[in-house]
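Student: In case you want the letters, here they are:
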Amino acid sequence: MGDLLSRIEITKLAHELNAPEADLAFLTASSQAEIRDLRHLAQTALFARNEDRIKLLAALSRVLPVPMTAKIAEHALGPMLSARVAGALDPREATRLAGHLTSAFLAKLAPSLDPSRVAPIVRGLDDKLVVEVGRLLLRQHEHLTLSRFVAVVDVGVAMGVVAEATGADLLQVAIYCDEPAALDAIAQRLPDQMLADVIAAASDADAYDAAVSLLASLSQDVCGRIVGQIGVVPDDAREELIAAVAHHDVWPSVLPALHHVDQDVLKALVNVEATTDADLIDRVVEHSRALDLAPVLVRLVLAFDDEHLQALRNSKALRSAELQEWLIANAGVGTRLIVPVLEALDLR
Amino acid sequence: MAALDTLAADLGVTPDRLAAFSSYDDAQLNQLASALSDAMSAEDKAFEAGLEDALRIVPRPLRPAAKRILFGGGRG
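As they're listed, the protein sequences go chains Z and D. Read in order, the letters of the first sequence correspond to residues 1 to 348 in the working numbering. Read in order, the letters of the second sequence correspond to residues 1001 to 1076 in the working numbering.
Errors might be hidden in some of the hints.
[Said to hold, decoys possible] The list that follows gives simulated cross-link-like pairs (lysine-lysine, DSS-like), each with its CA atoms no further than 25 Å apart:
no., chain 1, residue 1, chain 2, residue 2
1, Z, K55, Z, K71
2, Z, K128, Z, K55
3, D, K1045, D, K1067
4, Z, K55, D, K1045
5, Z, K316, D, K1067
6, D, K1045, Z, K71
7, D, K1067, Z, K55
8, Z, K12, D, K1045
9, Z, K71, Z, K12
None of these hints come from the bench; they were simulated from the model.
Please take these sequences and the hints and turn them into a complete structure.
Tutor: Right, dumping it as structure tokens:
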């Protein structure tokens, strides 16, 4: 997952510096946290550099009529400088000013805003205006910009923007979003069909690593609902998805979600080539044990087809007497079911 | 490690603060420093032009007061 997360951070740094991503690609050797720290340092340095001028422009805006300040913003300063000045204005002044700016200009200005500085301003804006600007950003494929405001706007307002989004849009915004809790609050309100669209978009784009990274950042409830939509993707895509889950070892996020997934969906998900691998099976068994998810492990075993049941015979983890005792004691189906299955698989 | 020093100076931090990036070679660090420096230059130019352009939009009667705010008393 490290490479993917580092690449996402590089995209954000390149956006901050208005530089080609390729020029910064070598930074993939650094961790996500290191690149994020560098981005914050660059952001602070850029803001500090012209702070005096920003304050002067903010002071000028205070003595001029608001419509004139709006005219200066749109026709003299442009979006980037206006975004800088916005961060120095009193939220009430800035909100009044925003009311005199066109939504098209606000959409151009948004990519240069620092959400942490302008959050009170955004929250003071009319909901309709925020939705309108958000939808413009969506049409301009400004997914990175939208992701930065996920935690700033009210969930209800965000849903107004989401209403016009495709699964691919939502996937992109989610990938860039730094605020899993805010993202989760939105995902909770998405209908199943839209979650299915997100999964389908990840499949269409071969973005399995990204999809897995997303699953790992969301709550169990949402993760379970997303996994429950897995039927929309073709067999080979399910294979890739499971391979990505295994590669990044995000079973601890995925396994609890499997508890409530429909058994037919579970069958489609687990009966892929990757899950015939004994090491993968052992990892799943070990994670299930560590998370005390005996019922989930039983559901997985019951979902396996004959070929996969044969593969279970090679599991070292399932041979452990301690593991078997735990499974029998916690599976919730009693020994009469578990023991014969283990015996039939020559594991006991 | 001259490149790391340059980058640190531009970011306004000590080179120690960038220890995580010390394994990169000078060419890579120079590329990073150059991207930052270009971003700073672009902002500087935008601000210089922006202040002048803002003044042009201010109506003539208000311009002396606006000039004093933006450029202090030194400009006529």
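Student: Confirm or reject each hint.
Tutor: Here's how the hints hold up against the structure:
1. Z:K55 to Z:K71: holds (18 Å)
2. Z:K128 to Z:K55: violated (30 Å)
3. D:K1045 to D:K1067: The given pair, whose Cα atoms are some 19 Å apart, holds under the 25 Å limit.
4. Z:K55 to D:K1045: OK: Z:K55 and D:K1045 at ~17 Å, within 25 Å.
5. Z:K316 to D:K1067: violated (79 Å)
6. D:K1045 to Z:K71: holds (20 Å)
7. D:K1067 to Z:K55: Cα-Cα ~14 Å, so holds.
8. Z:K12 to D:K1045: holds (23 Å)
9. Z:K71 to Z:K12: The hint is violated at about 30 Å.
The structure fails to meet hints 2, 5, 9 from the earlier list, while all remaining hints are met.
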